[in-house]
Amino acid sequence: QQPVQSPQAVILREGEDAVINCSSSKALYSVHWYRQKHGEAPIFLMILLKGGEQKGHDKISASFNEKKQQSSLYLTASQLSYSGTYFCGTEGNTGGFKTIFGAGTRLFVKA
Amino acid sequence: DAGVIQSPRHEVTEMGQEVTLRCKPISGHDYLFWYRQTMMRGLELLIYFNNNVPIDDSGMPEDRFSAKMPNASFSTLKIQPSEPRDSAVYFCASRRGAKNIQYFGAGTRLSVL
Numbered sequence: 026q027q028p029v030q031s032p033q034a035v036i037l038r039e040g041e042d043a044v045i046n047c048s049s050s051k052a053l054y055s056v057h058w059y060r061q062k063h064g065e066a067p068i069f070l071m072i073l074l075k076g077g078e079q080k081g082h083d084k085i086s087a088s089f090n091e092k093k094q095q096s097s098l099y100l101t102a103s104q105l106s107y108s109g110t111y112f113c114g115t116e117g118n119t120g121g122f123k124t125i126f127g128a129g130t131r132l133f134v135k136a
Numbered sequence: 016d017a018g019v020i021q022s023p024r025h026e027v028t029e030m031g032q033e034v035t036l037r038c039k040p041i042s043g044h045d046y047l048f049w050y051r052q053t054m055m056r057g058l059e060l061l062i063y064f065n066n067n068v069p070i071d072d073s074g075m076p077e078d079r080f081s082a083k084m085p086n087a088s089f090s091t092l093k094i095q096p097s098e099p100r101d102s103a104v105y106f107c108a109s110r111r112g113a114k115n116i117q118y119f120g121a122g123t124r125l126s127v128l
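Taken in order, these protein sequences are the chains called A and B.
Position 53 (the first sequence) corresponds to 78 in the numbering used here; numbering is contiguous.
Position 3 (the second sequence) corresponds to 18 in the numbering used here; numbering is contiguous.
Note that these hints are calculated values from the structure, not bench results.
C-beta atoms are modelled at their ideal positions from N, C-alpha and C, and glycine is treated no differently.
Some hints could be false.
[What the hints assert, rightly or not] Just so you have them, the derived chain A footprint on chain B, three or more residues with Cβ under 8 Å:
(1) 85 to 98
(2) 115 to 127
[Stated by the list, open to error] No more than 25 Å apart at the CA atoms, straight line, and that leaves these computed lysine-lysine pairs for PhoX-like:
(3) Lys39/B / Lys75/A
(4) Lys83/B / Lys62/A
(5) Lys93/A / Lys62/A
(6) Lys83/B / Lys93/B
(7) Lys39/B / Lys123/A
(8) Lys62/A / Lys75/A
(9) Lys84/A / Lys83/B
(10) Lys51/A / Lys123/A
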């Protein structure tokens with residue numbers, strides 16, 4: 026089942042912060058975050074694993090609430106280069122090791 | 016490493032024709048995924064392989080779609096016959112092990128006229 030992302034779109038000024046949320050109706054083992062710029066492939070940002078292990082990006086942080094089956098991506102002091110569409114991908118405890126992606130959050134940072 | 020390599024980058028074909036998309040995963044990666052991306056449906060998982068074996072093809076839209084992975088360094092996604100509603104960007108991704116980072120190829124933009 027596809028995770029739900031919110032908001033659908035965000036417009037920021039350079040230097041402002043943003044939070045993107047991702048929630049699932051299924052028990053999760055891991056949450057992945059990717060960013061995609063127009064016409065390009067999704068690029069890995071962050072992976073959060075059950076049990077607290079986190080691998081990620083030095084300018085962006087994220088949290089994973091296993092009990093609530095939710096994750097949030099925190100973009101602080103946004104830069105113009107942060108513009109793009111952010112996807113969360115979730116892996117459940119059952120059904121194989123496949124990643125199901127949300128519909129995406131479009132982020133636009135203006136000067 | 017060269018990353019995940021997909022070919023062709025663009026494909027324009029007429030309805031009814033056969034289309035074959037190709038993917039070379041990163042060396043040493045044992046999982047390979049095929050995705051389709053459209054504005055309406057987002058990024059959909061079509062099928063994935065583990066050690067060249069198809070594990071889950073529940074996302075394949077219909078019998079017109081088929082995928083193979085004859086060896087660890089090559090996979091194909093075939094559409095026969097193609098229809099205009101198949102127009103989309105098709106991505107291939109690979110990763111090493113379960114619960115790990117996926118690396119996406121540049122994608123193939125397919126237009127079926």
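Original post:
Against which earlier hints does the structure fall short, listed by number upward?
Top reply: Structure breaks hints 1, 3, 4, 5, 8 and 9.
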